[in-house]
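For chain V, the structure is supplied; the task is to place chain B on it using the hints.
Protein chains: 2
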Amino acid sequence: MRKVYFDHASTTPIHPKVVEAMLPYLKEHFGNPLSLHSFGEGPREAVEEARAKVAALIGVRPDEIYFTASGSEANNMAVKGIALMNRQKGRHLVVSAIEHQSVLNATQTLEKLGFEVTRVPVDKYGLVNPDDVVAAIRDDTTLVSVMHANNEIGTIEPVAEIARAVKEKRKGIYLHTDAVATVGTLPVDVKELGVDLLSLAGNQFYGPKGAGALFIKKGTRLMPLIDGGIQERGRRAGTEDVPAIVGLGVAAELAQENLAERAARLIPLRDRLIERLTTEIDRVYLTGHPALRLPGHVSICVEFIEGESMLLLLNMQGIAASSGSTCTSRALKASHVLMAIGVETALAQGSLVFTLGESNTGEDVDYVAEVLPSIVERLRQMSPLYSKS
Amino acid sequence: MRKVYFDHASTTPIHPKVVEAMLPYLKEHFGNPLSLHSFGEGPREAVEEARAKVAALIGVRPDEIYFTASGSEANNMAVKGIALMNRQKGRHLVVSAIEHQSVLNATQTLEKLGFEVTRVPVDKYGLVNPDDVVAAIRDDTTLVSVMHANNEIGTIEPVAEIARAVKEKRKGIYLHTDAVATVGTLPVDVKELGVDLLSLAGNQFYGPKGAGALFIKKGTRLMPLIDGGIQERGRRAGTEDVPAIVGLGVAAELAQENLAERAARLIPLRDRLIERLTTEIDRVYLTGHPALRLPGHVSICVEFIEGESMLLLLNMQGIAASSGSTCTSRALKASHVLMAIGVETALAQGSLVFTLGESNTGEDVDYVAEVLPSIVERLRQMSPLYSKS
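Those sequence lines, one after another, are chains V and B.
For the first sequence, our numbering begins at 1 and goes up steadily by one.
For the second sequence, our numbering begins at 1 and goes up steadily by one.
Next comes chain V alone, as it looks inside the complex (with noise of 0.2 Å):
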């Protein structure tokens, strides 16, 4: 059977010089980084040959380059290491309302510890104004987040108009943007951007799970999240998973030579299978903006039917696709990305998410594009709402 792979936002392939990089670090050169012994040394150097790379990904200096485990630990790490540093400063976090769950329930917990929250709406393509951002600044704002990309519907947030609006707003407010869906997808200049800090996620373009970073910029100080030894310059304890940083540095390295590639490859890509889900199918809508877009980020709704459906037999024809997140799919809650962005609770369960990556092809669309048609109309037939419309 032939398979697509069409959930590139849950998790990418890893690039085999990714793994080719990684397997020495897995065998002959096992130590850790802090021994002070020849066994540490090749280790200590690779991680740091890695932290170059990722930095020189989104162009800031090594030194500012913290490795976690994940993209969430990215976000959480900065959401709670700004806010519980700058505690007395005040408690008060300004964040969008389709934030990342990480970044969400990290709010959340905040709340439970005495901060309050203010989560800015977007319109309906998910767009976050930056006008409503500055307004929800209050004299005991200490931190703004708001994503780069969102990872369920693919819109690209101004996030530079942000930075600039709430810095020109007041001075000493920290900046932070999820940049997970576009390091290593979409150019990224975090001068441009203006932020303070950055999480990005090396599962998210052909790099190993395990390995994530976040940017925090020269002189940012927070509470660490992973207190302990002095890995990280003591900001996040733990011994380094070496392979897994290796891995990060190879695929921070190979995005950068392949960005551009990779994006205007993708983008026609994406945009024959929306003009074909969205024509060819009756009742399909496209959530998200159409063009301020990731590239390879395909996401609709299905009216009458429910996501979970379509994905069990859309597997059963060897296509992998996604509903709602990944991270909320199997919670079976609808998503709050479309109760954000103004969809109906009945509509925002016939989500369904096709992310593109570097192995996908013209013809992989086309196969999608004539198989999907048949599994609505299937499921349609089931359906007591289609029937009763």
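Hints were generated in silico from the structure; no laboratory data involved.
Be aware that one or more of the hints could be misleading.
What the hints assert, rightly or not - If you want the ones that stay clear, here's a sample from chain V, every Cβ over 10 Å from chain B, calculated:
#, residue
1, Glu48
2, Arg91
3, Ala136
4, Asp139
5, Leu186
As the list claims (entries may be wrong) - Okay, the calculated bits of chain V under chain B, using three or more residues with CB under 8 Å as the criterion:
#, region
6, 25-39
7, 75-84
8, 106-117
9, 226-238
To be verified - Distance condition first, Cα-Cα at most 30 Å in a straight line; then the derived DSSO-like pairs of lysine-lysine:
#, chain 1, residue 1, chain 2, residue 2
10, V, Lys17, B, Lys17
11, V, Lys167, V, Lys124
12, B, Lys333, V, Lys218
13, B, Lys112, V, Lys112
14, B, Lys169, B, Lys112
15, B, Lys217, B, Lys169
16, V, Lys112, V, Lys217
17, V, Lys218, V, Lys191
18, B, Lys218, V, Lys333
19, V, Lys17, B, Lys27
20, V, Lys112, B, Lys218
21, V, Lys169, V, Lys191
22, V, Lys124, V, Lys191
23, V, Lys171, B, Lys112
24, B, Lys89, V, Lys112
25, B, Lys333, B, Lys124
26, V, Lys27, B, Lys27
27, B, Lys112, V, Lys167
Idealized CB from N, CA, C, for every residue including glycine.
Structure of chain B alone, referenced to chain V:
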């Protein structure tokens, strides 16, 4: 040159069977365990299989095991998670003075957030007295955390007695033990220990870096350290590092098969090294308990010399060792553990830690025992302290 790796407490080599088991999850089985399609199935099953193996190693239920990226993360998750969840009940914690930095520094962070911490002293062997722990308990104590064995001096703590004494004194206090140094090295049975939470790390027993776990007794509530998706039943967000988790599982399985044999082989090697170093070199003192001691653990203080100089000269002879703990050795601070057992600051500078493992032989022991005396002599001749004595 002969290479002798005597730094297993820093990190162990990864067992070839562990690497072999990880490879498919770095290559073809790259999917996200949360995905509702075939690419997620294999990884999902592999993670649950690993969970069962880790659970079996310490005698608990698989659904009581929560994967983390390190022992330090597990320690932070336990200490901060219990303290913050129970903050309405009380804000007092009891730990030993010789806990790993990840526990001690986590308690310092909690102090900044309004908690109070009692650090129970130890005797000259590094032993915690259960009576001292009980005496430290207050009405507002919510957590007691005492490590199972100390990584710097090898002393094994009477955790079962401590747990029993604490629970007798007052029910409802949570018991955590950092068992990073013992799990996979000594038989660890959670029921015998009587603890509610226990931390372990794969890279201490021939598993990969990037994989640790926290045992949380069923029914125990804590505040997550990393908020976000529903991974690890909502208690630790972030895409599971499937290859590392699989590796941890295989390492746990191998440990369970070979535990008794591993310890039986290491103890005589350990004792031979202790015997030779303390008798053949003048003014060398064993630190930690002579008998209640980790199987492969040799820690000494060499008078009139700095540990770091010895490490460098040992390294030139192909011998890899540590001074104090790896996490602090680069920080050039006197070890808090040696201070706690009453070693004078000057003598503590001459700390050397040899930790033996699977691949080591009697020849390695003899090589080190033959090389160290001349290194000590050479350094002492350069030492103003020694010439003055």
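Quick check: which numbered hints come out false for this structure? Violated hints: none; all satisfied.
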